[in-house]
Amino acid sequence: AQSVTQLDSQVPVFEEAPVELRCNYSSSVSVYLFWYVQYPNQGLQLLLKYLSGSTLVESINGFEAEFNKSQTSFHLRKPSVHISDTAEYFCAVRGTGANNLFFGTGTRLTVIP
Amino acid sequence: DVKVTQSSRYLVKRTGEKVFLECVQDMDHENMFWYRQDPGLGLRLIYFSYDVKMKEKGDIPEGYSVSREKKERFSLILESASTNQTSMYLCASSSGGVPSGDNQPQHFGDGTRLSIL
Chain A
1 AQSVTQLDSQ VPVFEEAPVE LRCNYSSSVS VYLFWYVQYP NQGLQLLLKY LSGSTLVESI
61 NGFEAEFNKS QTSFHLRKPS VHISDTAEYF CAVRGTGANN LFFGTGTRLT VIP
Chain B
1 DVKVTQSSRY LVKRTGEKVF LECVQDMDHE NMFWYRQDPG LGLRLIYFSY DVKMKEKGDI
61 PEGYSVSREK KERFSLILES ASTNQTSMYL CASSSGGVPS GDNQPQHFGD GTRLSIL
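Residue numbers (this note's numbering), protein chains in the order written: chain A, 1 to 113; chain B, 1 to 117.
Hints should not be assumed to be uniformly reliable.
Stated by the list, open to error - To give a feel for the contact side, a few chain B residues facing chain A, derived at Cβ under 8 Å:
1) Val12
2) Gly16
3) Val19
4) Phe20
5) Phe33
6) Val52
7) Gly58
8) Pro61
9) Gly63
10) Ala81
11) Leu90
12) Gln106
13) Phe108
14) Asp110
15) Gly111
Said to hold, decoys possible - Residues of chain B clear of chain A, computed beta-carbon distances all greater than 12 Å:
16) Glu17
17) Lys18
18) Arg73
Stated by the list, open to error - Straight line, CA to CA, 30 Å or less: simulated BS3-like cross-link-like pairs of lysine-lysine:
19) Lys3(B) with Lys78(A)
20) Lys49(A) with Lys57(B)
21) Lys71(B) with Lys13(B)
22) Lys49(A) with Lys71(B)
Since the hints were made in silico from the structure, they are not lab data.
Fair warning: this is a prediction, and the values are worked out from it, not measured in the lab.
Where is the CB? At the ideal position from N, CA and C, for every residue including glycine.
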C-alpha cells in the first residue's frame, strides 16, 4: 500500500513571496504522483502530475514540483505567490497498476496581502 | 472538459434516514470513486467502481453502500444515517482500466456537504 505525508497543515505566506509545500510518500512499488488544489467551496482540481520522464513538472499557473525518488518526496513550489493561490493543496500517490489514489491530509496555503 | 456533477451541494438529513448521494460524469469514464473529506484527515476512499455493476471497498466502507447501474452514474447510499457521517462527500471519475489507464488523473465534482442531525 501507499501513504502520503504532508507535514504542514497550514502555511501562511506574504504575497509575492516564495512558497514550498512539502509532500513525502511511502510505497513498495513504482508510483504516480499528483498535486490537487481545492478552492473554497469547490471540489479538487488537478494541479500537476508526475507519471514518468522529467522529474520536474510544471503547472500553467506557475507552480512546479520535483519528484525525488531517493528522498521519496514530491514538494510543490512557487517562486512568487498571489492572493488567488489561497486554497488547500493535496498531494496524492497511486501505485502503478492500481486505480485508487492515496491522499495526504492537505496543506492550507494562506496568502497574506 | 470533464464534468462530474453531484446532485446536491448541501444536504441535511436526520439520524436513521436512508440517504442517497448521486454523481454523474459525462466523459464515459470507466472508474468512479466516492470519498469523504474531514478536517485534518484529508480524503478517505469509501468505495470505488471500475465498471458497471462492479464495486470495491475503499478504506472506510462501513455504514455505506454504492450502486452503479449505468456507466455514467455512481450512487452512494447511507443505509441508516448517523451523526458521525456528517462530512463533505466528493465524487470523482477517471478513464482507463488497470494497467493501461492507471496514470490518468481523477476528476472531481464540487462536493456535497452532508449534515446529519
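Each hint, compared with the structure:
no. : hint                   : verdict
1   : Val12                  : violated (17 Å)
2   : Gly16                  : violated (29 Å)
3   : Val19                  : violated (19 Å)
4   : Phe20                  : violated (19 Å)
5   : Phe33                  : holds (7 Å)
6   : Val52                  : violated (15 Å)
7   : Gly58                  : holds (7 Å)
8   : Pro61                  : violated (12 Å)
9   : Gly63                  : violated (19 Å)
10  : Ala81                  : violated (22 Å)
11  : Leu90                  : holds (6 Å)
12  : Gln106                 : holds (6 Å)
13  : Phe108                 : holds (4 Å)
14  : Asp110                 : holds (5 Å)
15  : Gly111                 : holds (5 Å)
16  : Glu17                  : holds (25 Å)
17  : Lys18                  : holds (25 Å)
18  : Arg73                  : holds (17 Å)
19  : Lys3(B) with Lys78(A)  : holds (28 Å)
20  : Lys49(A) with Lys57(B) : holds (25 Å)
21  : Lys71(B) with Lys13(B) : holds (28 Å)
22  : Lys49(A) with Lys71(B) : holds (26 Å)
Hint check: violations occur at hints 1, 2, 3, 4, 6, 8, 9, 10; the rest are consistent with the structure.
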